[in-house]
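Given only the sequences and the hints, what does the whole structure look like? Please build it.
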Amino acid sequence: MMRRFSIFRSFQSTPASQGQHWLPLVALALVSFESNAAVDGEARVQISRQQTQLVQFQNQVRSLDTWRAEIQTHGDEQKIAGQKLAQVESEGANRGVVQLLNRVEGLNTDLNRLRGQIEVLTNDINNAQKRQRDMYVDLDTRLRRIEQQSAAARKDQTALPALEERIRKLEQAAGGLTTIPAPVASAAAATAAAPPGGVTTVSTPVAPAVTTVAAVQPSPPPAGPSAVDQAEIQRAYDNAYSTYRVSDYPGAIRGFDGFLKTYPKHQLAPNAQYWIGESHFHLHDYRAAIEAQRRLLGTYPDSAKAPDALLIIGTAETSLGDNAAARKTFEELIARYPNTESAEKAKGRLAKLK
1 MMRRFSIFRS FQSTPASQGQ HWLPLVALAL VSFESNAAVD GEARVQISRQ QTQLVQFQNQ
61 VRSLDTWRAE IQTHGDEQKI AGQKLAQVES EGANRGVVQL LNRVEGLNTD LNRLRGQIEV
121 LTNDINNAQK RQRDMYVDLD TRLRRIEQQS AAARKDQTAL PALEERIRKL EQAAGGLTTI
181 PAPVASAAAA TAAAPPGGVT TVSTPVAPAV TTVAAVQPSP PPAGPSAVDQ AEIQRAYDNA
241 YSTYRVSDYP GAIRGFDGFL KTYPKHQLAP NAQYWIGESH FHLHDYRAAI EAQRRLLGTY
301 PDSAKAPDAL LIIGTAETSL GDNAAARKTF EELIARYPNT ESAEKAKGRL AKLK
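Here the sequence shown is numbered in our numbering, starting from 1 and rising by one per residue.
There are no misleading hints in this set.
Below, in silico cross-link-like pairs of lysine to any residue (SDA-like), each with a Cα-Cα straight-line distance of 25 Å or less: (1) LYS130 to ALA288; (2) LYS328 to ALA304; (3) LYS261 to ARG287; (4) LYS347 to ASN127; (5) LYS345 to VAL120; (6) LYS328 to ALA288; (7) LYS130 to LEU297; (8) LYS345 to LEU121; (9) LYS352 to GLY321; (10) LYS130 to GLU291; (11) LYS345 to GLN129.
Each pair of labels, with its calculated beta carbon distance range: (12) VAL120 to ARG245: 17 to 25 Å; (13) ARG131 to LEU107: 32 to 40 Å; (14) GLN83 to ARG113: 39 to 47 Å; (15) ASN94 to ASN126: 43 to 51 Å; (16) GLU42 to GLN83: 54 to 62 Å; (17) ILE118 to THR299: 29 to 37 Å; (18) ARG294 to GLU165: 57 to 65 Å; (19) LEU101 to LEU139: 51 to 59 Å; (20) LYS328 to ARG131: 26 to 34 Å; (21) ALA231 to GLU165: 30 to 38 Å; (22) LYS352 to GLU89: 42 to 50 Å; (23) GLN87 to GLU331: 53 to 61 Å; (24) ARG235 to ASP322: 36 to 44 Å; (25) ARG131 to THR299: 19 to 27 Å.
No lab work stands behind these hints, which were simulated from the structure alone.
Note that CB positions come from ideal geometry on N, CA and C, so glycine has one too.
Given below as structure tokens:
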């Protein structure tokens, strides 16, 4: 439009004389302008259409970019979620492993505690068996002593009638010897001293007969503890042992110690010394237990309790943490008493020390 007006102004500015000469040119210019205007209108329509398409295409591109961004964001989210899932799974696996390890450690602790309880119970059972065996030994000893005393009493009762019968016969014989002829010399002296026609009688006193009877009586038995003393000794030992059986270990120590002070040479003295050491062991006074059992080995080396005393000494040394001394004690027990039950137990405890 601006171009058309500029051309028109140029034609208007020309002189009138020249207007007739330029009229055909003006008409051609107007026709070409109209043609150009029509072309420009179609171009504008196409341009606007293309612009519209371009805008739609740009919108589609933006939509694609948005979708691409969303897809990428979604992919990143999935990647992050995968990483988080892997991390959670890893943490879960680690947590499961830790829990499993904690459970295994707890089971090991329970197992060790149960082993300790089993060892304590085994020791208690062994001690109970030894106490029962000692009771049987003591009871058998008492029964044998009672049987011996009963046999001696029966023997005395059997010999008493024969002895009384012998004494009666001796008394009768002594009564028959009250009037006996005098010896020849005595008779001659009596005849010379007697009046004529008299009869001489010699009276023998009864005292010699009594002396003869006393000479045939049996000699008394050798001196020794009476049945009453034996019963009192056994009662003192049984009272101390009963105190031990009810787990009154301090009372048992006092009882057995009093028994040893009163009857140090009695055949039950080694047993009393052993139970003193056993009582100290149950009180966890391991040094006193070792000292008591060493005293047993030194005072009564031939006692049947010697293997058990060595076993208690080795066990007490183990409880004190002196494994070297315990190993030496167990080896001494196995070497000196290889065929005993205590030696078998010492082998097992020696293996645990290694």
